[in-house]
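For the record, the sequence lines run as chains A and B. Sequence positions in the first sequence follow my numbering and run 19 to 460. Sequence positions in the second sequence follow my numbering and run 19 to 460.
Hints listed in this document are in silico derivations from the structure and should not be mistaken for laboratory results. Everything numeric in this text was worked out from a predicted model, so none of it was measured. Possibly wrong hints are sitting among the right ones.
Identical copies go unnamed one by one, so any copy, or any two together, can satisfy a pair.
Unchecked claim - Straight-line distance between alpha carbons at most 30 Å, and here's what the computed DSS-like set of lysine-lysine pairs gives: (1) 268 to 64; (2) 390 to 433; (3) 22 to 64; (4) 433 to 268; (5) 234 to 107; (6) 344 to 107; (7) 433 to 185; (8) 64 to 433; (9) 22 to 344; (10) 22 to 292; (11) 292 to 185; (12) 234 to 268; (13) 64 to 107; (14) 292 to 344; (15) 185 to 390; (16) 433 to 398; (17) 398 to 344.
Number of protein chains: 2
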Amino acid sequence: MAFKIGLLGLGTVGAGTVQILQDPAQRHPLVQELAIYRVGVRSLDKPRTVTLPPEQLTTDLASIVTDPSVDIVVELIGGLEPARSLILKAIEHRKHVVTANKAVIARFGAEIYTAAAQAGVYVLLEAAVGGGIPVIEPLKQSLCANRIHSVTGIVNGTTNYILTRMKNEGGDFAQILADAQQLGYAEADPTADVDGFDAADKIAILASLAFGGRIKLEEVYCEGIRGVSATDIAYAEQLGFVIKLLAIAKRASQPTPDSLDHLQVRVHPTLVPKQHPLASVNDVYNAILIEGTPIGQVMFFGPGAGAGPTASAVVADILNIAAILKVERGCAVQPSGLPLLDPLLACSHQHYCTVAPISDVVTRFYARFLTKDFPGVIGKLGTCFGHHEVSLESVVQIDRRSDTAEIVVVTHDVKEGNFRRALEEICTYPAVEQIASTFRVL
Amino acid sequence: MAFKIGLLGLGTVGAGTVQILQDPAQRHPLVQELAIYRVGVRSLDKPRTVTLPPEQLTTDLASIVTDPSVDIVVELIGGLEPARSLILKAIEHRKHVVTANKAVIARFGAEIYTAAAQAGVYVLLEAAVGGGIPVIEPLKQSLCANRIHSVTGIVNGTTNYILTRMKNEGGDFAQILADAQQLGYAEADPTADVDGFDAADKIAILASLAFGGRIKLEEVYCEGIRGVSATDIAYAEQLGFVIKLLAIAKRASQPTPDSLDHLQVRVHPTLVPKQHPLASVNDVYNAILIEGTPIGQVMFFGPGAGAGPTASAVVADILNIAAILKVERGCAVQPSGLPLLDPLLACSHQHYCTVAPISDVVTRFYARFLTKDFPGVIGKLGTCFGHHEVSLESVVQIDRRSDTAEIVVVTHDVKEGNFRRALEEICTYPAVEQIASTFRVL
Chain A
19 MAFKIGLLGL
29 GTVGAGTVQI
39 LQDPAQRHPL
49 VQELAIYRVG
59 VRSLDKPRTV
69 TLPPEQLTTD
79 LASIVTDPSV
89 DIVVELIGGL
99 EPARSLILKA
109 IEHRKHVVTA
119 NKAVIARFGA
129 EIYTAAAQAG
139 VYVLLEAAVG
149 GGIPVIEPLK
159 QSLCANRIHS
169 VTGIVNGTTN
179 YILTRMKNEG
189 GDFAQILADA
199 QQLGYAEADP
209 TADVDGFDAA
219 DKIAILASLA
229 FGGRIKLEEV
239 YCEGIRGVSA
249 TDIAYAEQLG
259 FVIKLLAIAK
269 RASQPTPDSL
279 DHLQVRVHPT
289 LVPKQHPLAS
299 VNDVYNAILI
309 EGTPIGQVMF
319 FGPGAGAGPT
329 ASAVVADILN
339 IAAILKVERG
349 CAVQPSGLPL
359 LDPLLACSHQ
369 HYCTVAPISD
379 VVTRFYARFL
389 TKDFPGVIGK
399 LGTCFGHHEV
409 SLESVVQIDR
419 RSDTAEIVVV
429 THDVKEGNFR
439 RALEEICTYP
449 AVEQIASTFR
459 VL
Chain B
19 MAFKIGLLGL
29 GTVGAGTVQI
39 LQDPAQRHPL
49 VQELAIYRVG
59 VRSLDKPRTV
69 TLPPEQLTTD
79 LASIVTDPSV
89 DIVVELIGGL
99 EPARSLILKA
109 IEHRKHVVTA
119 NKAVIARFGA
129 EIYTAAAQAG
139 VYVLLEAAVG
149 GGIPVIEPLK
159 QSLCANRIHS
169 VTGIVNGTTN
179 YILTRMKNEG
189 GDFAQILADA
199 QQLGYAEADP
209 TADVDGFDAA
219 DKIAILASLA
229 FGGRIKLEEV
239 YCEGIRGVSA
249 TDIAYAEQLG
259 FVIKLLAIAK
269 RASQPTPDSL
279 DHLQVRVHPT
289 LVPKQHPLAS
299 VNDVYNAILI
309 EGTPIGQVMF
319 FGPGAGAGPT
329 ASAVVADILN
339 IAAILKVERG
349 CAVQPSGLPL
359 LDPLLACSHQ
369 HYCTVAPISD
379 VVTRFYARFL
389 TKDFPGVIGK
399 LGTCFGHHEV
409 SLESVVQIDR
419 RSDTAEIVVV
429 THDVKEGNFR
439 RALEEICTYP
449 AVEQIASTFR
459 VL
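Pulled out of the complex, with its shape left as it was, chain A reads as follows (with noise of 0.2 Å):
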C-alpha cells in the first residue's frame, strides 16, 4: 500500500528527496512505503545526481498534477507561476500538496489554503521556512497550547552570512556582498535576500501560523541590511551588541480585548544585546525563538537552507500526511465525502490578522548623528526627543574628528512615530549635519 509520490521539479531540493526515498535504511520504517511515481522537469536530457527510470520523467507537469494515481503532489520548482497554478490544479484534483515555496503561499496561501480546505486535502510546508529546522511543525503540533506573544527569527542565511563577516572582518557591505556572491552564498540579483524580501516572506507564514490568522504580505514592514555600515556594527559593538537582520511578528505590546489580533510583523536589521541567544547564530545559519504562555521562551537552530535539510523537511512532511493517511485506509470503511482533516496539521482560519502601522510599533531606537562641534548639541539633540516623548537611555560622543562630533543615541521603548518626528526637527539643525543611521534596538 505504497503512496504516490507526484515530484515537480528535480533541482538541488529535488534530488536530495529523491536520495532520501531512494535511500530508506536507518530512517522511519515508513519512508519504505514511499514511492516516487512521476517526477516534471523542465528537459529530459539534463544530466542528474540522481538515476530515475526514464519512463517516471516528463516536462508535462499538469499530467502530473491530475494524475488519478497520485496521493502526494511535491512542489520543489519555485517562483510563482506555473507553481502557484500548479498547487491548485492539485489541490483541485484531490492530491495532498508538500511545497518549500515561501513565496507562493506567503502571496497566495489564502487562496490556496481555502481550496485545500475545501477539497479536504493537506498543504505542508516546512521547508518554506528555516530550511531543515523543525518550526513550522513544532507550531502547529508542540505548541499548540500556548498563547504566542512572539516569533523572532533570523530566517535569512545570506544575509546573516554577509552581517557575520562584516563583523568579524570590520569589511563594509558591497565588498563582502560581491565575495559572498562570488563564492555562492549570494545570488547574482541578492535583491531578495539583503533587501529583506524572502525574510518578509517567511515572517509572513510564521506569523500566520503562530497568531491563526492570515496575514496580507504589503502589510509586513520590510527593510534591508545595504544601509548597515562597518562603522555602525563597531560602535553596536561598543554598546554590547550584534547587528542581525530579524523577522519579527509579535502581539500589540498592550492588547486591549478588541486588539487581541493587532499584529507587528515586520523585517529590519536589529542591534541584539549580546547575551540574546540570537546573538550567537552566526554564519548560514538560522533560528527562531518562539515566546509564549505558559512556555516561556524556546529556540530552533540550524540550518536555513541547503539541498539536505530542506528534503529533510520535504520528506517529513510527505511522511506526515503518509502517517494519517494510514490511520484513514486503516478505517474498516473509507469516509464518504470528505475525510476530516487533523485540525492540527491542516489550516483552518479564514480571517486575516490586523497588523499595526510601522508607526505604532513601540520599541528601543539606536541614532547616530555627525554634528558640528557646538556646545550644547547634546543639549538640543536631548531637548528635542524630551519634546516628542523619547526617553533616552543613553547618550555617547564617540568620535571627534576636526570640527565634526559623532553622537550615539539609545532610546528606551519609544512609539517609531514619535521618533521619528523628533528626528524630522533634528534634521532642520544647523549643527547636525547628517543622520547617518537608525536601527531599531531589540
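Given chain A's structure and the hints, the job is docking chain B onto it.
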C-alpha cells in the same frame, strides 16, 4: 464531541495543565474540545491553585483509568508505582496515555509500549524530556526522514544551574549545591540530578526514539558532577572549554553492517569547546543537539522544567491524540477491531539496541595530575600514554606549588579502555602523587 481527560495528579504540572484547559482563548481551537472529566488526587482537602468542581475530584485513581467515558489518561503523579500500574491498566482499558514520567518510561517502556501496541493506543511523553522544549515530537515527526547520528543534550536543569554558578562564581560544588537547595533549584535529596540518573533516564528515551530500538537503562553509562572542581572549571576555561553535564547517544563511530545498531549511550561531565552551540546554554535551560543525514545539525533550546513549560508539552500531547481521534471519528464507519495507529506517533520498534561498553567509546580526554616536580615527569607520562596508543593533543604544566607540579593533559580521540590502562600504569609511578581528575572532551 469533546475529548474526556482523566487526570492523575494535581501537583504543579497537573495544576498547570488544568490552567491551560480552563483558559482556551488564543490557543489552538482544539483546546476548546478538551474536557477535564475526572481528576485523581491524594487528598481531597488540600488547598489548590486551580478550582475544579468537587465531584470531579477523587482519591480513587484506578476508577479513572477504568472509566469507560475517559478518552485520554494523563499521568502526572510521577514515581514508579502506582504510576506504572495505572498506565498499564489505562492501556488495558483502551485509553490513550500522556505522561511526563521519564523514570517509568525509561524503566518500563518496553512493557508499556508492548501493551499499547496490542491495545491500539498512543502513549505520548513530550514532557518527559526537556520540559517544554519540543524535542520528542520533532524527533518523531519532523526529523523522521533523517538517519540520526547523534543526540547530545543538556537535559538536567539542576546540574546545569550548579555548573553555571560554579563557573561564574568560581565556587566549589558542595557550597553551590547547598545554596541551590535553599533556593529550590535542587532537591533535598539531590542524587537523581547530581549523580546523572535523571539525565540517564532522558537520554535512554531520546536514544530509543532517535535510533528506533529499545534501550536497557542499566547499559547507560552514568557519571554525575560531584567530581567537578572549581580548579578543573578554571583550567578548562583556560584551554577554551566549559564543563557541562552532557547526555550523549550516538552510533558507533565506524559502523559495519553488523554494528549498525551499536550505540554509545552515556551521561558524564564533559569539556565542551566554547564555540559549540551547547557551550552557551546556561542556568536551568536545557538544549538538545541532533545530528543526522541529510539535516546536519539542529538544536532545540528552552526551559527544561517548570510547571508552565511542562504543562505546555502535556497539553500538546493531548491535542495530538485528539487530532488523530478526530480523523478516525470522521470516518463514516468506525474501524472494526483496532484502528491503525499513526506510525509516526506510535512506537513500533521491538528489538533492543546494542549499547557498547564504555571502554569501547572513542573520545578525547582531559586529565589532571599532581606530580612531584622531578625533571622528566612529562616525558614519562607521554611515553606511557604512547605505549597504550593514547596520542596527546596538549600537555600543560599549569601550576607549581613548592615541590608539586600540576600537569594537565588533553588527548586526541582514543579508545577509553586504552586511556584507562595508561592511567593504571601512571598510578604506579612514584613521581605521580594523584590523578586529580579525568573528564571526557567533546
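Evaluation of the provided hints:
1. For the homomeric pair residue 268 and residue 64, neither the shortest alpha-carbon distance inside one copy (45 Å) nor that between copies (39 Å) is at most 30 Å.
2. Proximity of residue 390 to residue 433 under the C-alpha cut-off of 30 Å is restricted to the intra-copy arrangement: shortest distance 28 Å within a copy versus 67 Å between copies.
3. With identical chains, the CA atoms of residue 22 and residue 64 are at most 30 Å apart within one copy only, with a shortest distance of 24 Å there and 57 Å across copies.
4. When the C-alpha separation of residue 433 and residue 268 is checked against a cutoff of 30 Å, the pair qualifies only within one copy, where the shortest distance is 15 Å, while the shortest distance between copies is 50 Å.
5. Only within a single protomer do residue 234 and residue 107 lie at most 30 Å apart by alpha-carbon distance; the minimum there is 23 Å, versus 51 Å between protomers.
6. In the homo-oligomer, the alpha carbons of residue 344 and residue 107 lie at most 30 Å apart both inside one protomer (24 Å) and across protomers (27 Å), since each shortest distance falls under that limit.
7. Taking CA atoms no more than 30 Å apart as the test, residue 433 paired with residue 185 passes inside one copy only; the shortest distance there is 29 Å, against 40 Å between copies.
8. Within a single copy, residue 64 and residue 433 get their C-alpha atoms no closer than 55 Å, and across copies no closer than 48 Å, so neither meets the 30 Å cut-off.
9. Taking CA atoms no more than 30 Å apart as the test, residue 22 paired with residue 344 passes in both settings, with 13 Å inside one copy and 25 Å between copies.
10. Taking the shortest Cα distances, residue 22 and residue 292 never come within 30 Å of each other, neither inside one copy (48 Å) nor across copies (46 Å).
11. Taking the shortest Cα distances, residue 292 and residue 185 sit within 30 Å of each other both inside one copy (13 Å) and across copies (19 Å).
12. Taking the shortest Cα distances, residue 234 and residue 268 sit within 30 Å of each other inside one copy (15 Å), while across copies they are farther apart (45 Å).
13. When the C-alpha separation of residue 64 and residue 107 is checked against a cutoff of 30 Å, the pair qualifies only within one copy, where the shortest distance is 27 Å, while the shortest distance between copies is 60 Å.
14. Within a single copy, residue 292 and residue 344 get their C-alpha atoms no closer than 47 Å, and across copies no closer than 46 Å, so neither meets the 30 Å cut-off.
15. When the C-alpha separation of residue 185 and residue 390 is checked against a cutoff of 30 Å, the pair qualifies only within one copy, where the shortest distance is 28 Å, while the shortest distance between copies is 47 Å.
16. For a Cα distance limit of 30 Å, the shortest separation of residue 433 from residue 398 inside one copy, 20 Å, qualifies, whereas the shortest one across copies, 69 Å, does not.
17. Proximity of residue 398 to residue 344 under the C-alpha cut-off of 30 Å is found in neither arrangement, the shortest distances being 70 Å within a copy and 65 Å between copies.
Taken one by one, the earlier hints fail for this structure at numbers 1, 8, 10, 14, 17, listed in ascending order.
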